[in-house]
Amino acid sequence: MFFKSKEGKEKILNLYHQKLNGLSIDYFEKLIDTKFGITNVIRVGNTNLTPLVLIHGTGGCAPLILESFPNLSSKYCVYAIDVLAQPNNSAEQKLDMKSLDYGQWLLEVIIKLRIKDVTLVGFSFGGLISLKALEFSEISIKEVFLIAPVYIVNGNPFLGLIKMFIPLKKFIKTNDQHYIKKIMDVLFSEYDDFAVAYMSITFQNCNMDFSSLPVIAKKFAQQIKTPITIFACENDIMFPGKKMIRRAKKIFPSLKETILLSRSKHVPNATNFNKIEKIILNKNK
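Heads up: the sequence shown runs through residues 13 to 297, numbered per this note's numbering.
FYI, nobody ran anything at the bench for these hints, they're computed from the structure.
Check before you lean on any hint, since a few could be wrong.
Unchecked claim - Straight-line distance between alpha carbons at most 30 angstroms, and here's what the computed DSS-like set of lysine-lysine pairs gives: (1) LYS185 - LYS31; (2) LYS194 - LYS230; (3) LYS290 - LYS254; (4) LYS128 - LYS194; (5) LYS128 - LYS254.
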């Protein structure tokens with residue numbers, strides 16, 4: 013199971029609802045029954061608008077990704093999905109990253125939401141899910157925006173071990189805030205007390221998946237026809253921005269645009285999320 017205990021799950025969901033309620037938005041929440049597990053979806057905006065699906069990253073949830081994009085619902089009907097086996101309201105079933113299961117799951121959710129011509133916005137692990145969906149079937153997807161996505165390149169494993177994995181293991185063992193802040197400083201361009209609390213409780217109360225991350229094969233990337241825009245983060249030690257852009261230009265024939273977020277770490281700051289949001293909004297005129 014993803015959560016280590018019932019008590020740990022309750023702590024995380026309390027923070028989840030605290031964040032969701034703190035957004036002060038009108039939303040509709042729905043549980044979708046899929047073959048892979050119950051999936052929670054939060055809808056924001058007019059259903060007559062173009063559908064946009066938001067997919068958060070590892071250790072995240074729908075309210076957090078909604079907070080990063082507060083204005084998308086002005087031009088889109090936004091569906092923020094709680095990814096399976098993450099600290100949120102969806103099922104705890106972990107899927108195989110090396111298969112197309114995550115893509116098949118996402119497309120089943122889209123079909124059951126009865127939406128078409130979908131714009132996908134995937135951050136970090138949400139980028140892997142978006143690309144897996146394109147590999148599985150592009151029929152319901154109109155355009156894709158990927159932000160510091162998993163599945164295109166990986167960073168230096170030794171650097172990741174020293175700066176991420178060892179401090180994380182020490183934090184899980186000791187619950188010493190010094191170690192979680194070391195991790196946050198590596199991952200986040202900026203963060204607040206809520207982000208520290210959410211990540212701390214997640215790492216202490218969830219069985220995180222530390223297996224190696226796959227990279228899309230060139231032959232599969234070349235089969236994708238859907239327009240792709242990539243926002244890469246220059247100082248991302250996990251998925252280095254310049255390296256990502258170089259490979260993306262070589263393997264994706266449908267690559268529409270690449271934007272390098274200067275000096276950004278893996279999680280962009282509010283200014284860069286605002287920049288990303290404006291670009292996505294301008295695509296829907």
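Now for the hints, and whether the structure bears them out:
1. LYS185 - LYS31: This hinted pair holds, its Cα atoms lying about 27 angstroms apart.
2. LYS194 - LYS230: At roughly 35 angstroms apart (the allowed maximum being 30 angstroms), LYS230 and LYS194 break the hint.
3. LYS290 - LYS254: 22 angstroms, holds
4. LYS128 - LYS194: 42 angstroms, violated
5. LYS128 - LYS254: 33 angstroms, violated
In this structure, the hints that do not hold are numbers 2, 4 and 5, in rising order.
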